[in-house]
Amino acid sequence: MKKAIEEREGAQLQTPEEQGRGELEAWQEGERAQPQNTQKHERVKLQSSWEQWGAHLKYSTEQEGALPEAHGDKEKFQPKAQGRAESEEESSEEPESELEIDNEGVIEPDEDEPQEMGDENLKVTDEMMKQAIEKKRQAFDAVGKGELQRAVDLFTDAIKLNPRLTILYANRASVYVQLQKPNAAIRDCDRAININPDSAQPYKWRGKALRLLGYWQEAAEDLSLTWKELRKKI
1 MKKAIEEREG
11 AQLQTPEEQG
21 RGELEAWQEG
31 ERAQPQNTQK
41 HERVKLQSSW
51 EQWGAHLKYS
61 TEQEGALPEA
71 HGDKEKFQPK
81 AQGRAESEEE
91 SSEEPESELE
101 IDNEGVIEPD
111 EDEPQEMGDE
121 NLKVTDEMMK
131 QAIEKKRQAF
141 DAVGKGELQR
151 AVDLFTDAIK
161 LNPRLTILYA
171 NRASVYVQLQ
181 KPNAAIRDCD
191 RAININPDSA
201 QPYKWRGKAL
211 RLLGYWQEAA
221 EDLSLTWKEL
231 RKKI
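Under the UniProt record's numbering, the sequence shown has 64 at position 64, and the numbering climbs by one with no breaks.
Derived by calculation from the structure, the hints in this document are not laboratory data.
Treat the hints with care, as some may be off.
List time: in silico SDA-like cross-link candidates among lysine to any residue, alpha-carbon distance up to 20 Å [as the list claims (entries may be wrong)]:
hint: 1; residue 1: Lys160; residue 2: Gly146
hint: 2; residue 1: Lys160; residue 2: Lys145
hint: 3; residue 1: Lys160; residue 2: Glu134
hint: 4; residue 1: Lys160; residue 2: Glu127
hint: 5; residue 1: Lys135; residue 2: Glu111
hint: 6; residue 1: Lys135; residue 2: Arg164
Put together the whole structure using the sequences plus the hints.
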């Protein structure tokens, strides 16, 4: 059974049914890699975020403007609070907004150099697929032990071995979110979505990364797409 699952994960051409099973298995694997108290906290935090987004969405649309069109390496996101500080003088003459936005959890954007993405044109052999799956397994073990940077390195090794496997980018993005490196996570998710726009995991982690930067509306859109894509596969 385990061998069959690994072969499905390593395959570059998958049926929609196989992709759906892979998405659900990867989701479960990521959840198991976290301590139980972390899982519970994440679910509560996500529910709380949904309840607050009504105000965040209105504020984001009316006061802050739209998100930059490009998500790629050339453009890094800036937290919403920074934009308000720059326009404080202009807005001082306008009536104060009735909405008080809680920006708790919004962080400064990471400015690291873009991470390795692998060669899209690489000819992947069966042996390389197996090695990538093993690197992925080791990476999840590292996440479970709290060794997040080691997990990033192992997912990077897996990506270089099989650069067309969408879930590897989503897995690495999940670790970048835990490391509070949202721009790196967004780059990984953009690559994953470019490879397979029907994969749910990249939308989930890009939504979480956008939330860290204070882009509430865009985060809500991505997280809603997560549930939409998962429902297609169940």
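Hints breached by this structure: Numbers 1, 2, 5, in rising order.
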